[in-house]
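Q: Letter by letter, the chains look like this.
2 protein chains.
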Amino acid sequence: MSEKHAVTYELLKTDSRTKARRGVLHTPHGDIQTPVFMPVGTQATVKAMKPEAVAGLGHEGAHIILSNTYHLYLRPGHQLIKDMGGLHKFMNWHGAILTDSGGFQVFSLGKMRKISEEGVKFSSYIDGSKHFFTPELSIEVQNALGSDIIMAFDECAPWPADRRYVQDSLNLTTRWLKRCKAAHKDIERQSLFGIMQGGTYKDLRRESARQIVDLDLPGYAIGGLSVGEPAELMYEVLDDCVDELPKDKARYLMGVGTPDYLFEGVERGIDMFDCVLPTREARHGRAMTSHGKVNIKNARYERDESPLDPECDCYVCRNYSKAYLRHLFKSEEILSSMLLSEHNLHFLVKTMEDIRKSIEEDRFPEYKRIFYDKFGQF
Amino acid sequence: MSEKHAVTYELLKTDSRTKARRGVLHTPHGDIQTPVFMPVGTQATVKAMKPEAVAGLGHEGAHIILSNTYHLYLRPGHQLIKDMGGLHKFMNWHGAILTDSGGFQVFSLGKMRKISEEGVKFSSYIDGSKHFFTPELSIEVQNALGSDIIMAFDECAPWPADRRYVQDSLNLTTRWLKRCKAAHKDIERQSLFGIMQGGTYKDLRRESARQIVDLDLPGYAIGGLSVGEPAELMYEVLDDCVDELPKDKARYLMGVGTPDYLFEGVERGIDMFDCVLPTREARHGRAMTSHGKVNIKNARYERDESPLDPECDCYVCRNYSKAYLRHLFKSEEILSSMLLSEHNLHFLVKTMEDIRKSIEEDRFPEYKRIFYDKFGQF
Numbered sequence: 001m002s003e004k005h006a007v008t009y010e011l012l013k014t015d016s017r018t019k020a021r022r023g024v025l026h027t028p029h030g031d032i033q034t035p036v037f038m039p040v041g042t043q044a045t046v047k048a049m050k051p052e053a054v055a056g057l058g059h060e061g062a063h064i065i066l067s068n069t070y071h072l073y074l075r076p077g078h079q080l081i082k083d084m085g086g087l088h089k090f091m092n093w094h095g096a097i098l099t100d101s102g103g104f105q106v107f108s109l110g111k112m113r114k115i116s117e118e119g120v121k122f123s124s125y126i127d128g129s130k131h132f133f134t135p136e137l138s139i140e141v142q143n144a145l146g147s148d149i150i151m152a153f154d155e156c157a158p159w160p161a162d163r164r165y166v167q168d169s170l171n172l173t174t175r176w177l178k179r180c181k182a183a184h185k186d187i188e189r190q191s192l193f194g195i196m197q198g199g200t201y202k203d204l205r206r207e208s209a210r211q212i213v214d215l216d217l218p219g220y221a222i223g224g225l226s227v228g229e230p231a232e233l234m235y236e237v238l239d240d241c242v243d244e245l246p247k248d249k250a251r252y253l254m255g256v257g258t259p260d261y262l263f264e265g266v267e268r269g270i271d272m273f274d275c276v277l278p279t280r281e282a283r284h285g286r287a288m289t290s291h292g293k294v295n296i297k298n299a300r301y302e303r304d305e306s307p308l309d310p311e312c313d314c315y316v317c318r319n320y321s322k323a324y325l326r327h328l329f330k331s332e333e334i335l336s337s338m339l340l341s342e343h344n345l346h347f348l349v350k351t352m353e354d355i356r357k358s359i360e361e362d363r364f365p366e367y368k369r370i371f372y373d374k375f376g377q378f
Numbered sequence: 001m002s003e004k005h006a007v008t009y010e011l012l013k014t015d016s017r018t019k020a021r022r023g024v025l026h027t028p029h030g031d032i033q034t035p036v037f038m039p040v041g042t043q044a045t046v047k048a049m050k051p052e053a054v055a056g057l058g059h060e061g062a063h064i065i066l067s068n069t070y071h072l073y074l075r076p077g078h079q080l081i082k083d084m085g086g087l088h089k090f091m092n093w094h095g096a097i098l099t100d101s102g103g104f105q106v107f108s109l110g111k112m113r114k115i116s117e118e119g120v121k122f123s124s125y126i127d128g129s130k131h132f133f134t135p136e137l138s139i140e141v142q143n144a145l146g147s148d149i150i151m152a153f154d155e156c157a158p159w160p161a162d163r164r165y166v167q168d169s170l171n172l173t174t175r176w177l178k179r180c181k182a183a184h185k186d187i188e189r190q191s192l193f194g195i196m197q198g199g200t201y202k203d204l205r206r207e208s209a210r211q212i213v214d215l216d217l218p219g220y221a222i223g224g225l226s227v228g229e230p231a232e233l234m235y236e237v238l239d240d241c242v243d244e245l246p247k248d249k250a251r252y253l254m255g256v257g258t259p260d261y262l263f264e265g266v267e268r269g270i271d272m273f274d275c276v277l278p279t280r281e282a283r284h285g286r287a288m289t290s291h292g293k294v295n296i297k298n299a300r301y302e303r304d305e306s307p308l309d310p311e312c313d314c315y316v317c318r319n320y321s322k323a324y325l326r327h328l329f330k331s332e333e334i335l336s337s338m339l340l341s342e343h344n345l346h347f348l349v350k351t352m353e354d355i356r357k358s359i360e361e362d363r364f365p366e367y368k369r370i371f372y373d374k375f376g377q378f
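Quick mapping for you: the protein sequence lines, in order, are chains A and B.
1 is the number of the first residue of the first sequence in the working numbering; add one for each residue after it.
1 is the number of the first residue of the second sequence in the working numbering; add one for each residue after it.
Read the hints as simulated data drawn from the structure, not as lab findings.
Computed from a predicted structure; not experimentally measured.
Some hints here could point you the wrong way.
Here are the computed lysine-lysine pairs in the PhoX-like style, where the Cα-Cα straight-line distance is at most 25 Å [to be verified]:
id, chain 1, residue 1, chain 2, residue 2
1, A, 330, B, 297
2, B, 82, A, 297
3, B, 330, A, 82
4, B, 185, B, 89
5, B, 89, A, 330
6, A, 330, B, 130
7, A, 82, B, 89
8, B, 130, A, 297
Facing chain A, a subset of chain B residues (Cβ under 7 Å, in silico) [as the list claims (entries may be wrong)]:
id, residue
9, 45
10, 76
11, 227
No residue lacks a Cβ here, since even glycine has one placed at the ideal position from N, Cα and C.
Work out the full structure: start from the sequences and follow the hints.
A: See the structure below:
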């Protein structure tokens, strides 16, 4: 084929002692330096942030965000967003966008959904209306949204789950992936990433990986982890399965975003991460700092003139005291969510910048140790 | 006395056909071009706005905001703010600040407060704790906050109220004003404004004006209007009483901020306005535009690609469609309040800039007519 994939991955350097990779993801909306943390904008907005503030995160800026097929399908509707010129224009975001397929959200509905070979029947959380999601519909929605990276519609097995269930589930995910690939036509505009499943069964993970890699897609995600299993078990699974993915394609560990998971994922060869944690924690008054978590509600900060993180140079830490941030949170002011979200996202984006630099300078393990020593318990 | 008042008013020009005035308010935190609309930051934050966004409102920026003695006294406490370096530093606002005295808020408590000659006993809306507010305490709190303009502790009579009540109330307000003046020492750092009361009784308004002007303060406010009385009655009262205030001092009409009230107030010689309306309306999905009100919830905007106000050049109108703003509001996203607040405040700040220009160019009545024709019903 002479067609060029919309999104390609370029490997720049591999760490000499770990699997950590330094690369670039080329997209229709700009180059993304990897490893990268992607802020989440579920409903076409990174919560409590103007897009310009998102673009200004860290020292280099955030250049890719994640949005959600399921939520945007239900409200305001993908056809509406398409008619308004696509998701980038609709939400005033000029960088790249990755859309989740809706698989994870639909399966999270529990009793409100029913899975069959054809797809998933579910009820809307907004108005109870009935919907039927299929791989083809997920692709149709993502085509309408116009995101740079679109995700396959998969089944995310819960943890724990028995082996037979997980085996069937990953096979279904592969059959659905083939249908997604067949449904997605314009590969020069948007790139479809496949999703590896297999729960915490290492051999099933490898089997899933082989099945999806056979389809020769421009990128691969690892789904179904960080769904309740112990961290050590997740690391073991990653140790085993990441090598099954081709070195010349991007690797995305879905829904993972605590600082320790970022370091452990990078160390095992992951390039992309996303998580709602930094903005959700922010709305609950919790900040991530280079010296660990700060719960701004805590009475000890009542008269604390120091910034959230003395080592942070973000807008929030340059301009506000913990005492003020505590006052905003206690007063239920919107600015509290705005400032804590900006700080938390900055912290992860900046940490990832520092991780990239450490890989370039072949001192990733040392940087990881320094970070862990300061951050403490996760 | 050789002491210089912290805040002084300079009259630049008076309209040839109305009482509209163009002036400058000199403050320790910069010059304020008048007439001016002051955004309200009740709890040490203009709701849903970063201070930089407030400073960037309109074409010339907002340079003075209002904050609230009563709220900040209860939470986080004035002594805490003083210890944190004062209100300007605490909230990262580099412009001027006017603090309301707490009088209006305390009187709004209804049955939860009791007035005596000495002051007002009331219960906290936060934890039910008992407090006793006096003119001296209001000044002490405002001294601690360090605002540029501090307001006298007054009694704001309700509407309607019988003549005897209003007469007694304005006399009490004057006695309290004298106590405020005696309690306020550092007049070079902060300026105390007196408040005229008198309800809708014109002769009582004039009497109140004479009493407070006798005290030779650096500025005067008109309180107790826009509390439920018909707009026409308010205009009549203003027609009659504004002339009682000295021409070389600033005149502030408290709590007034609908576009029509701004025009009518300016026409009657008012220099300063404040109102929570633009940010409160924003949080309810309502925008003010040059063509009248827009209720963003309305189904007619579902697929509307146009900005809130086609004649507005604010950040929001340059970057977002009504369809997107409607989606944000329906999805209960914080960005909805952020964007609508910024637009509404921009609209009032920019309208006031246009009013100032029209006075400079001696075409205020013409500009008022053009504005009313487009804006329609208030």
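Q: Give a verdict on every hint.
A: The hints, checked one at a time:
1. A:330 to B:297: Judged against 25 Å, a Cα distance of about 29 Å means the pair is violated.
2. B:82 to A:297: 21 Å, holds
3. B:330 to A:82: 19 Å, holds
4. B:185 to B:89: Holds. Residue 185 of chain B to residue 89 of chain B sits at ~22 Å (cutoff 25 Å).
5. B:89 to A:330: With a Cα-Cα distance of about 19 Å, the restraint between residue 89 of chain B and residue 330 of chain A holds, given a limit of 25 Å.
6. A:330 to B:130: 20 Å, holds
7. A:82 to B:89: 45 Å, violated
8. B:130 to A:297: 24 Å, holds
9. 45: The hint holds - residue 45 of chain B has a Cβ within 7 Å of chain A, the shortest such distance being about 5 Å.
10. 76: Residue 76 of chain B check passes; min Cβ-Cβ to chain A is 4 Å, inside 7 Å.
11. 227: 25 Å, violated
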